[in-house]
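Those sequence lines, one after another, are chains A and B. Numbering-wise, the first sequence is residues 1 to 194 according to this note's numbering. Numbering-wise, the second sequence is residues 1 to 153 according to this note's numbering.
Hints in this document: simulated from the structure, not taken from any laboratory. A few of these clues could be false.
No farther apart than 30 Å at their CA atoms in a straight line, the calculated lysine-lysine pairs in the DSS-like style are these [claimed, not checked]: (1) B:K63 to A:K158; (2) B:K39 to A:K142; (3) A:K62 to B:K63; (4) A:K62 to A:K185; (5) A:K142 to A:K158; (6) A:K185 to B:K39; (7) A:K68 to B:K39; (8) A:K68 to A:K158; (9) A:K185 to A:K134; (10) A:K134 to B:K63; (11) A:K158 to A:K134; (12) A:K62 to A:K158; (13) A:K185 to A:K158.
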Amino acid sequence: MDELKQPDASTDQELVAAFQAGDERAFVTIVDRYKHRLARLAQSVVRNQEDALDVVQDAFVKSYRALKRFRGSSALYTWLYRIVMNHAIDLVRRRPRVTIEAETDQLRELPDPQVITRPDREALNAELRDRIFKAVDSLPEKHRRVVLLREVEGLSYKEIAEVVGCNEGTVMSRLFYARERLREKLEPYLKSGT
Amino acid sequence: MNTRIEQIVRQADGAQGPALPTDQAATAATHQALSGLLKQAYAGEPADARLAFMAGRVLARAKAAGNAGIAARLGAVWHLLTRHYALACAGAAVAMFLAVSATMVSLRPAAAPTAKPSKLRSFAIYETPDGSGFIRCFEYEHVSQPRTDNGSS
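Can you make the complete structure from the sequences, with help from the hints?
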């Protein structure tokens, strides 16, 4: 790789250009750069490590072919996020639908919310974590995408807009209503934190 | 977009902004707590050995898929060519049959009519697209009768 002396220091655009010029090591660098973040995103959707890794691998195989035609109209990582998110959502759609249980009774069985008033400091109880996952899973797909990209990946509103293909205003609107729905489902765990 | 929603979302995400009315500030604070809860729930990343070797596996699969694609395209072209080849063979066989038939008919001596009608046999070889073939025998018989004096035949 004469033109690409230090691939890890190269920008995404340089890596894409190098790959399009026939340098496969540039693609390896792209995979290594994004695999963890993409795996985390996939896992947040499919909630199964094995499936998440399959999703990421499939997405990279697809991107290997598509990257040759990538014109850079969006950032590489938002493009990759979109592929992974679509793959993950497709996988979840193909699964048998799991019914979300009635919230109230289930919440009563969980540990006292007072114990976990500071989620930033306390390790989350496994049951509460499961409850959160189910609440997020119950969101409409367009809301779930936005919430996960924001809360799990920390993408900006603009980046989320690129990934999901809408404008920033729509992203914020979806984020607001998604949080409102989650608040209704998880209220007992939020009261003491507010 | 609704400015109120935008302000609540931005403040819930930690942005500084103008002071919100009490109810909206409470919503923003609740959303902020919820955001922290979600971040905590989804914290951690897959620590699987498969991630360490993902690039190698992706390249291998991508190339294998590429080779399969090339093989499929070559197969399709070959299939097309063999179909055309078979049609060409069949066409040539028919043409040859017609040429041989015409030649034999023209070379047939204009002998006096015999009691036994003349017969012409020809064989055509056909090749089907799947590579098999068949032979067809064509037999022609000259049935014209000599004219009688009153013109009937």
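Do the hints match the structure? See the list:
The hinted pair formed by K63 (chain B) and K158 (chain A) fails the criterion: a straight-line CA distance of about 34 Å is larger than 30 Å. For the given pair, K39 (chain B) sits about 19 Å from K142 (chain A) by alpha-carbon distance, which is consistent with the 30 Å threshold. Simply put, K62 (chain A) and K63 (chain B) have alpha-carbon atoms about 11 Å apart, close enough for the 30 Å limit, and the pair holds. Between K62 (chain A) and K185 (chain A) the CA atoms are separated by roughly 37 Å; this puts the pair beyond 30 Å, and the hint is violated.
Only pairs whose Cα atoms come within 30 Å are accepted, and K142 (chain A) paired with K158 (chain A) is accepted, the gap being roughly 16 Å. Between K185 (chain A) and K39 (chain B), the direct Cα distance comes to roughly 17 Å. Compliance with the 30 Å bound is thereby established for this hinted pair. Taking the CA atoms of K68 (chain A) and K39 (chain B), the gap is near 35 Å; set against the 30 Å cutoff, the hint is violated. For a cut-off of 30 Å, the pair hint linking K68 (chain A) to K158 (chain A) stands: about 25 Å separates their Cα positions.
For the proposed pair K185 (chain A) and K134 (chain A), the alpha carbon gap of about 10 Å is at most 30 Å, so the pair holds. Distance hint between K134 (chain A) and K63 (chain B) is unfulfilled; the C-alpha atoms sit about 38 Å from each other, more than 30 Å. With a C-alpha separation of about 27 Å, the suggested pairing of K158 (chain A) with K134 (chain A) holds against the 30 Å cut-off. With a CA separation close to 25 Å, the supplied pair K62 (chain A) and K158 (chain A) stays within the 30 Å bound.
For the hint linking K185 (chain A) to K158 (chain A), the alpha-carbon distance of about 28 Å falls within 30 Å, and the restraint holds.
Of the numbered hints listed earlier, those contradicted by the structure are 1, 4, 7 and 10.
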